[in-house]
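J.: Chain by chain, the residues:
Protein chains: 2
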Amino acid sequence: MRAVVRQPRLRCLDHPRRAPAIAQGNVRWRMTTSWPKSLDTIYGSAAGLCERVSRLTEGRFQIQPFAAGEIVGGLQAFDATASGAVECCHTYSPYYFGKDPAYGFDGGMPFGLNSRQQQSWMLYGDGLKLMRELFSKANLISFPVGNVGVQMGGWFRKEINNVDDLKGVKMRVGGMGGVFMSKLGVIPQQLAAGDIYPALERGTIDAAEFIGPYDDEKLGFVKVAKYYYTPSWWEGSAQITSFVNAAAWERLPSTFKDAFEAAANEQTLSMMAKYDAVNPAALKRLVAVGAQLRVYPRPVLEACYQVTLDTFSEFSNKSADFKRVYESWVKFRDELNQWFRVAEFQMDSFSLSKIHN
Amino acid sequence: MRAVVRQPRLRCLDHPRRAPAIAQGNVRWRMTTSWPKSLDTIYGSAAGLCERVSRLTEGRFQIQPFAAGEIVGGLQAFDATASGAVECCHTYSPYYFGKDPAYGFDGGMPFGLNSRQQQSWMLYGDGLKLMRELFSKANLISFPVGNVGVQMGGWFRKEINNVDDLKGVKMRVGGMGGVFMSKLGVIPQQLAAGDIYPALERGTIDAAEFIGPYDDEKLGFVKVAKYYYTPSWWEGSAQITSFVNAAAWERLPSTFKDAFEAAANEQTLSMMAKYDAVNPAALKRLVAVGAQLRVYPRPVLEACYQVTLDTFSEFSNKSADFKRVYESWVKFRDELNQWFRVAEFQMDSFSLSKIHN
Numbered sequence: 001m002r003a004v005v006r007q008p009r010l011r012c013l014d015h016p017r018r019a020p021a022i023a024q025g026n027v028r029w030r031m032t033t034s035w036p037k038s039l040d041t042i043y044g045s046a047a048g049l050c051e052r053v054s055r056l057t058e059g060r061f062q063i064q065p066f067a068a069g070e071i072v073g074g075l076q077a078f079d080a081t082a083s084g085a086v087e088c089c090h091t092y093s094p095y096y097f098g099k100d101p102a103y104g105f106d107g108g109m110p111f112g113l114n115s116r117q118q119q120s121w122m123l124y125g126d127g128l129k130l131m132r133e134l135f136s137k138a139n140l141i142s143f144p145v146g147n148v149g150v151q152m153g154g155w156f157r158k159e160i161n162n163v164d165d166l167k168g169v170k171m172r173v174g175g176m177g178g179v180f181m182s183k184l185g186v187i188p189q190q191l192a193a194g195d196i197y198p199a200l201e202r203g204t205i206d207a208a209e210f211i212g213p214y215d216d217e218k219l220g221f222v223k224v225a226k227y228y229y230t231p232s233w234w235e236g237s238a239q240i241t242s243f244v245n246a247a248a249w250e251r252l253p254s255t256f257k258d259a260f261e262a263a264a265n266e267q268t269l270s271m272m273a274k275y276d277a278v279n280p281a282a283l284k285r286l287v288a289v290g291a292q293l294r295v296y297p298r299p300v301l302e303a304c305y306q307v308t309l310d311t312f313s314e315f316s317n318k319s320a321d322f323k324r325v326y327e328s329w330v331k332f333r334d335e336l337n338q339w340f341r342v343a344e345f346q347m348d349s350f351s352l353s354k355i356h357n
Numbered sequence: 358m359r360a361v362v363r364q365p366r367l368r369c370l371d372h373p374r375r376a377p378a379i380a381q382g383n384v385r386w387r388m389t390t391s392w393p394k395s396l397d398t399i400y401g402s403a404a405g406l407c408e409r410v411s412r413l414t415e416g417r418f419q420i421q422p423f424a425a426g427e428i429v430g431g432l433q434a435f436d437a438t439a440s441g442a443v444e445c446c447h448t449y450s451p452y453y454f455g456k457d458p459a460y461g462f463d464g465g466m467p468f469g470l471n472s473r474q475q476q477s478w479m480l481y482g483d484g485l486k487l488m489r490e491l492f493s494k495a496n497l498i499s500f501p502v503g504n505v506g507v508q509m510g511g512w513f514r515k516e517i518n519n520v521d522d523l524k525g526v527k528m529r530v531g532g533m534g535g536v537f538m539s540k541l542g543v544i545p546q547q548l549a550a551g552d553i554y555p556a557l558e559r560g561t562i563d564a565a566e567f568i569g570p571y572d573d574e575k576l577g578f579v580k581v582a583k584y585y586y587t588p589s590w591w592e593g594s595a596q597i598t599s600f601v602n603a604a605a606w607e608r609l610p611s612t613f614k615d616a617f618e619a620a621a622n623e624q625t626l627s628m629m630a631k632y633d634a635v636n637p638a639a640l641k642r643l644v645a646v647g648a649q650l651r652v653y654p655r656p657v658l659e660a661c662y663q664v665t666l667d668t669f670s671e672f673s674n675k676s677a678d679f680k681r682v683y684e685s686w687v688k689f690r691d692e693l694n695q696w697f698r699v700a701e702f703q704m705d706s707f708s709l710s711k712i713h714n
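Taken in sequence, the protein lines are chains C and E. Residue numbering for the first sequence follows the working numbering, starting at 1 and increasing by one per position. Residue numbering for the second sequence follows the working numbering, starting at 358 and increasing by one per position.
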């Protein structure tokens, strides 16, 4: 992600590791995020959380959000919070899968839970409990704060007609997607948001995935790679998470804990609702300027599915943490899918078959 | 709904129309609901909202929830709040479509928005704005507080193989469903929850729809009508709404307004998450004791769709309010469906095709 640097309040930068200021019952926290402010849905959700917490506490608990790069880089949010350099952050757990592949379940796994299913697993399944057990080892408490839904499957300069067409494709992929795609012959590239377009234009990379129509449009990919694939099987829902330093959390009065938790849950609802409101028009605009929508052919998805299962097995063999979470997750997913097949999918299938415009 | 009467706090019943008690900055409200306490997901969500508001305000703003029948009957919640007899309620807007068919859009219309789409229309489309304009005429402010998702399409003693099989079927249908179903020859019956099973057992009615597996199981329908149809095309998502008396709202300090609004949004997330966690196991249990799952045949759904469009036209011709909301709603739905066809549906279609257990 490219950091959009603004002038932070000097007090904060002068004492980046100071203890939180507590005066007359007031608490001030900093929230470092992994986002540039131009990602107004995701960054805006962080700002919305801070604003609601302030209003709920009559200004007694103030959290200031910072864009990536203002305090630390976007991918250092987790460590900065774990160390206590900041009290909290707003990020995406799969960025840190190198620490533990089980972190991937917090953000969403390939062929995993959709956004509604993820929310259920978190709040009424074992999801939040299991993830908090993992993150507690890093002195962190996790709070789901949003979801992006099914992302798009990337911009390509050439069509993908069969699984061999993926071989050798240099593709920018975020999160854990590259781990799985590399087994299909894709050469995954990690690039910050601002570096993707130039790389695609110069031919340094052949393809790129970012988020969905609303965010992708801003980066201009359609000008240099017109085939816009769906779905992002590796990010069938992307949960955004706020981590809070455990010691900072314990110092909070219970009312402030309630304010943070309620505001986080509210943002989980709100981020998805906003994406659903802004993506349709962006998709239309992209198609109007030449984007060619393509669905990954079924045999390609089947191959992706198979490498996903193989990779889950590998991780389970290597990591007891991964195995424990995977077993809970897959049981929850499979049972919930049975119910979704009966009701949601039957209704959606009919409703979405009606083309009105 | 069958009221589960418990002993309310006497102070409340002694002065049912008293002004809210405000002492030393404290506010006490009553929330009448349309639910028996046995509906632990929906009623539990009302209780959860009240609990969170209390915690957010350090007990200064207390709302006490009441089951249907404790203060007024379940279907009098709207009027009791409009008149100021209670400060707020927790109900389902289509119960009141006799006042204005446009109220139906608040709870969900046949072949309408799914739960995620409804949340987007409410928060980032014109949904909440339009509905509040309508409800303001009744001195009410509306807050979405939950969703049930796609309901099941009812319990039948005989299979429905074609649209003629619906003719003459005496069926218990909640909300607005009966308006649409009667045009297919169904004879809709309004029955409270506790009266449905005896009527079905005696043959006074031939079929009944209630909610979904988790709630339906409690009422025992499977013992007397084994064909369990999906989907409930007339309740493809059922939004639960809390109405607040406008004058009571205006008297609230802004912090209490924030607490109510944040808690309501949180419950919208939470209710759907809970239903998704409890419905799968209930569905399995129902099938284990003999429920025969059936999907409404496509020609039946097409006929239902056609009478739905016809009814929307009739309502639009009769009511300027309905027409205005319908035009906004249908535009939002159709554009959002285009996007759902591209991403969500492609992913769900693949994921749900994988049968694991």
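For the record, the hints were derived by calculation from the structure and aren't laboratory data. Note that CB positions come from ideal geometry on N, CA and C, so glycine has one too. Treat the hints with caution; some may be incorrect.
[To be verified] If you only want the chain E side, here are some residues facing chain C, beta carbon under 7 Å, derived:
{"id": "1", "residue": "Phe468"}
{"id": "2", "residue": "Glu574"}
{"id": "3", "residue": "Arg681"}
{"id": "4", "residue": "Tyr683"}
[Said to hold, decoys possible] Reference listing, derived: stretches of chain C covered by chain E, where coverage requires no fewer than 3 residues with Cβ under 8 Å from a Cβ of chain E:
{"id": "5", "region": "34 to 42"}
{"id": "6", "region": "123 to 131"}
{"id": "7", "region": "182 to 189"}
{"id": "8", "region": "226 to 240"}
{"id": "9", "region": "276 to 285"}
{"id": "10", "region": "305 to 319"}
J.: Confirm or reject the coverage of the region 305 to 319 of chain C by chain E under the rule of 3 or more residues with a beta carbon closer than 8 Å to the chain's beta carbons.
T.: violated (count 1)
J.: Three residues minimum, CB to CB under 8 Å: does the region 34 to 42 of chain C make the cut for coverage by chain E? Let me know.
T.: Not satisfied, violated; 0 residues make the cut.
J.: Just to make sure I understand the rule, a stretch counts as covered if three or more of its residues have a C-beta closer than 8 Å to a C-beta of the chain. Does the region 123 to 131 of chain C meet that for chain E?
T.: It holds, with 3 qualifying residues against the three required.
J.: In terms of beta carbon proximity below 8 Å, does the region 226 to 240 of chain C have 3 or more residues touching chain E?
T.: holds (count 5)
J.: Identify whether the interface hint at Arg681 (chain E) stands, where standing means a beta carbon of chain C within less than 7 Å of its own.
T.: 19 Å, violated
J.: Can you verify the interface hint for Tyr683 (chain E): is its Cβ closer than 7 Å to any Cβ in chain C?
T.: Tyr683 (chain E) check fails; min Cβ-Cβ to chain C is 13 Å, beyond 7 Å.
J.: Check, residue by residue, whether the region 182 to 189 of chain C contains three or more positions whose beta-carbon lies closer than 8 Å to a beta-carbon of chain E, and give the verdict.
T.: Check failed, 0 qualifying residues.
J.: Do three or more residues of the region 276 to 285 of chain C come closer than 8 Å to chain E, measuring C-beta to C-beta?
T.: holds (count 8)
J.: Answer holds if the nearest beta-carbon of chain C is closer than 7 Å to that of Phe468 (chain E); otherwise answer violated.
T.: 6 Å, holds
J.: Would the hint on Glu574 (chain E) be counted as holding, given a Cβ-Cβ threshold of 7 Å to chain C?
T.: Status violated, d = 13 Å.
Of the numbered hints given earlier, the model fails hints 2, 3, 4, 5, 7 and 10; all others are met.
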